[in-house]
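K.L.:
So you can see what is in the structure, the chains are spelled out below.
Number of protein chains: 2
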Amino acid sequence: MQEKGLLIVLSGPSGVGKGTVRKEIFSQPDLAFEYSISMTTRAPREGEVDGVDYFFKTREEFEKLIEEGKLLEYAEFVGNYYGTPVDYVQQTLDNGKDVFLEIEVQGARQVREKFPDGLFIFLVPPSLSELKNRIVTRGTETEDVINNRMSTARDEIEMMNLYDYVVENDQVERACERIKAIVVAEHCRRERVEPRYKKMLEVD
Amino acid sequence: MQEKGLLIVLSGPSGVGKGTVRKEIFSQPDLAFEYSISMTTRAPREGEVDGVDYFFKTREEFEKLIEEGKLLEYAEFVGNYYGTPVDYVQQTLDNGKDVFLEIEVQGARQVREKFPDGLFIFLVPPSLSELKNRIVTRGTETEDVINNRMSTARDEIEMMNLYDYVVENDQVERACERIKAIVVAEHCRRERVEPRYKKMLEVD
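Line by line, the protein sequences give chains C and W. Per UniProt numbering: the first sequence = residues 1 to 204. Per UniProt numbering: the second sequence = residues 1 to 204.
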């Protein structure tokens, strides 16, 4: 009985540092999960390699993949498409390996619908953690700035709702450690482990 | 707003090595949780220190504590009482620190009733893991031995039902790493984190 891999989705508000955390995680040699490379129609930036940083596609190619249902999730930003090819994710999971996605919140919402028992991690911006630690020092900020912050914080907290875990990005290394711990822990969750044992007893 | 600590309960079938794993965890310097020392009426063994290994009590003292509701859980084994003093646990949790209990399965059941949102970890004996890995090599064991094993395994799997996590004790160090990861992850669970953020916004 081949055990399926875990779909790990890292997301969070834009500017939170998802990409930095993801790069740090994948720079570590002892990692037991696979990174799912995104697809985009934007032009490669200097140093970016096709099939490493992104799969670079034309608009026509991308729209054909959308039509064919080949994308697990996708979204358009500033005139460019970004998305996750579904085949790689499905094959890797079927082979019993964990897959790691780093995507925007809209994309995460789409993935949740298709993989309800994926592992959804919300990266919290330092600004929200700071707010939590009450560093919003009154008197040093205008009321507008404070109201703006509070409104952004409200939106960010609203977004959390979809996720299983919330990780503060106070320090990249610490955020990575927490994410790795979450993956280890999730593999030990009774709901995931117990059916294997039960099945094993039936079979034997 | 003082955040409450997490109650961590390590249990599992007798002989699984709960005590060894607990000792290994508490031999590590970077630990962020407190061990709740058990109380017993059995005589101290050589080298055991009152207030370190156990709180040693007379039968009369122990029964008085039971009557006064001062025990979070207790059980009698081979004519001796073993139990967990509730005051230490409650005070430590109220102070925002995590408390770690290593107790028998009957005790864990009692604790679950009083602390439903505690973190319950079931340590799985290597024999069950081995069964999972199909090391029950046919032909080398009598049918009685195999049936016996299967029956024990069934009982052990039955016990898992109460727990949040299942950790294989294949190697003490690995079991400890998993338990520590579970505690880190649990502190990041959205259900635990989100109310703090929500409350913070109301307050500010």
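The set of hints was computed from the structure by calculation and includes no laboratory data. It is possible that part of the hints are untrue.
What the hints assert, rightly or not - According to the in silico footprint, chain W covers these stretches of chain C (three or more CB under 8 Å from chain W): (1) 57-64; (2) 153-160; (3) 178-184; (4) 191-202.
Glycine residues also receive a C-beta, built at the ideal position from the N, C-alpha and C atoms.
K.L.:
If a hint holds in the structure, say so; if it doesn't, say that too.
P.N.:
Hint-by-hint comparison with the structure:
1. 57-64: Coverage by chain W is violated here, the residue count being 0 at a Cβ distance below 8 Å.
2. 153-160: Result for this restraint: holds, n = 4.
3. 178-184: Result for this restraint: holds, n = 5.
4. 191-202: holds (count 7)
Hint 1 alone, counting from the list given before, is not met by this structure.
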